[in-house]
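2 protein chains.
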Amino acid sequence: MKLGDGEFLLPERRARIDEVIANRTRSLVVVMEAVCDPQNVNAVLRTAEAFGIQELHVIEGPMKPFDRNKKISQNADKWLDVVRWKDAGDCLRALKARGFLVYATHLGEGSRDLAELSFAQPVALVFGNEHRGVSREAVALADACYAIPMRGFSQSFNVSVAAAISLARAVDRRLVERGRHGDLPPAEAEALRLRFYANSVKQRVRVAKAERSAERRAQRSR
Amino acid sequence: MKLGDGEFLLPERRARIDEVIANRTRSLVVVMEAVCDPQNVNAVLRTAEAFGIQELHVIEGPMKPFDRNKKISQNADKWLDVVRWKDAGDCLRALKARGFLVYATHLGEGSRDLAELSFAQPVALVFGNEHRGVSREAVALADACYAIPMRGFSQSFNVSVAAAISLARAVDRRLVERGRHGDLPPAEAEALRLRFYANSVKQRVRVAKAERSAERRAQRSR
Numbered sequence: 001m002k003l004g005d006g007e008f009l010l011p012e013r014r015a016r017i018d019e020v021i022a023n024r025t026r027s028l029v030v031v032m033e034a035v036c037d038p039q040n041v042n043a044v045l046r047t048a049e050a051f052g053i054q055e056l057h058v059i060e061g062p063m064k065p066f067d068r069n070k071k072i073s074q075n076a077d078k079w080l081d082v083v084r085w086k087d088a089g090d091c092l093r094a095l096k097a098r099g100f101l102v103y104a105t106h107l108g109e110g111s112r113d114l115a116e117l118s119f120a121q122p123v124a125l126v127f128g129n130e131h132r133g134v135s136r137e138a139v140a141l142a143d144a145c146y147a148i149p150m151r152g153f154s155q156s157f158n159v160s161v162a163a164a165i166s167l168a169r170a171v172d173r174r175l176v177e178r179g180r181h182g183d184l185p186p187a188e189a190e191a192l193r194l195r196f197y198a199n200s201v202k203q204r205v206r207v208a209k210a211e212r213s214a215e216r217r218a219q220r221s222r
Numbered sequence: 001m002k003l004g005d006g007e008f009l010l011p012e013r014r015a016r017i018d019e020v021i022a023n024r025t026r027s028l029v030v031v032m033e034a035v036c037d038p039q040n041v042n043a044v045l046r047t048a049e050a051f052g053i054q055e056l057h058v059i060e061g062p063m064k065p066f067d068r069n070k071k072i073s074q075n076a077d078k079w080l081d082v083v084r085w086k087d088a089g090d091c092l093r094a095l096k097a098r099g100f101l102v103y104a105t106h107l108g109e110g111s112r113d114l115a116e117l118s119f120a121q122p123v124a125l126v127f128g129n130e131h132r133g134v135s136r137e138a139v140a141l142a143d144a145c146y147a148i149p150m151r152g153f154s155q156s157f158n159v160s161v162a163a164a165i166s167l168a169r170a171v172d173r174r175l176v177e178r179g180r181h182g183d184l185p186p187a188e189a190e191a192l193r194l195r196f197y198a199n200s201v202k203q204r205v206r207v208a209k210a211e212r213s214a215e216r217r218a219q220r221s222r
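Which chain is which? The protein sequence lines are A and B, in order. Quick note: the working numbering has the first sequence finishing at residue 222, numbered continuously throughout. Quick note: the working numbering has the second sequence finishing at residue 222, numbered continuously throughout.
So here's chain A without its partners, still in its complex pose (with noise of 0.2 Å):
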């Protein structure tokens, strides 16, 4: 049984993965720094993937591993690939080196305002720890740094906020800079329909099975 064909699809299954797949990108991906709060770091991965977002980029904090959550991995990582890192240097170098922009959400001198950020090029954006905000190192080694500005008391945007506000603006940008938001490579798109084809298979047989044994169940209690 070959599941990345898509046969056991019904049709309309396989028009919403092929939708989906027009959408993806891979190049406005988000990274989490040390993010703490599983809720948050499930927020965001939730937002980003509304937002045809198909890469994210998780540094562990010192505090709790990113890896010790098995609901977030679960529920994230079938449609989404989410990269770990031990270290926010490699990561953001890596990035840099594919020829990523980095911009990190930061308040100090040279911040800049989102809606001035261009998003031309492919871009990484940049969120950190709750409250510590992102690192230093961060910082350093980011083409940009730019802040969502505050009209109110409030000091800052809950994490998965400031995602959604930044990454509104950026497939907006993207729409207007390069004409589109959703842009894999045809190989790529391929690759992740096979892979999005079989997932859903895998999803219709356990929920087939669930059902059946609901059956049975329900057949002897009568």
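Any given hint might turn out to be false.
These stretches of chain A come out as covered by chain B in the derived footprint (C-beta under 8 Å, 3 or more residues) [said to hold, decoys possible]: (1) 43 to 51; (2) 155 to 168.
Each pair of labels, with its calculated beta carbon distance range [to be verified]: (3) B:Asp90 - A:Leu107: 40 to 46 Å; (4) B:Lys78 - A:Ala94: 42 to 48 Å; (5) B:Pro149 - A:Glu12: 18 to 24 Å; (6) A:Pro186 - B:His131: 36 to 42 Å; (7) B:Ala15 - A:Ser111: 16 to 22 Å; (8) A:Ser111 - B:Val207: 27 to 33 Å.
Hints listed in this document are in silico derivations from the structure and should not be mistaken for laboratory results. Keep in mind that this is a model prediction, so the values were computed, not measured. Glycine residues also receive a C-beta, built at the ideal position from the N, C-alpha and C atoms.
Fit chain B to the given chain A structure using the hints.
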């Protein structure tokens, strides 16, 4: 002791309050209809405050009356005007009578993209229940229904994320279409200034008391 005159506050605190007041608005308001999770309500209040929104309307759901959640009102009511309603129709008709256009987040026939909406006039943004969305009554009363484009498998944004993306967009458009975001009339600004001064003085008195009693405890334990 007149708390409202601000003479008990440090000049920096007074300047901060004045800056917040200059960025405050009541011509963009947020309506939450039957949002159940107090964490979500709090997150929306915090985000709205950060965007300079002064007035929020909370319509009680059938499940959990908003009033009973003390934590929410204690944190937010001091710096925001949170108006509670039992009926969505009453709330939205009152806002329309005051000249607000009502935009409800709802994906249906005739729904528009957030990016298409005009914010030249006063606008009330309506966010619905986490599971059921906005009510039929709210959809019927809305001047427009809108959705935030979803590009992945996720079917919806978390309500606080949807509010953040909508408010960021609304503020951007207001700056373009109205020339400014903060726009309290002088008399309203002055009334709010006195209230914020008074809140801040009370806060200082509380902090000072807490510090003194902590000091006494520390001295006793020496």
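Hint check results:
Coverage of a stretch by a chain is defined here by at least three residues with a beta carbon nearer than 8 Å to that chain's beta carbons; for the stretch 43 to 51 of chain A and chain B the count is 6, and the condition holds. Judged by the Cβ-Cβ criterion of 8 Å, the stretch 155 to 168 of chain A is covered by chain B as claimed, because 7 of its residues qualify and three suffice. Under the hint 40 to 46 Å, the C-beta atoms of Asp90 (chain B) and Leu107 (chain A), about 42 Å apart, fit the expected range. Separated by about 46 Å at the C-beta atoms, Lys78 (chain B) and Ala94 (chain A) satisfy the suggested range of 42 to 48 Å.
The supplied range of 18 to 24 Å is met by Pro149 (chain B) and Glu12 (chain A), whose beta-carbon atoms lie about 20 Å from each other. Checked against the given bound of 36 to 42 Å, the beta carbons of Pro186 (chain A) and His131 (chain B), roughly 39 Å apart, stay inside it. With their beta carbons about 21 Å apart, Ala15 (chain B) and Ser111 (chain A) fall inside the hinted range of 16 to 22 Å. Between Ser111 (chain A) and Val207 (chain B) the beta carbon distance is about 30 Å. The supplied range of 27 to 33 Å therefore holds.
The structure is consistent with each of the numbered hints, conforming to all of them.
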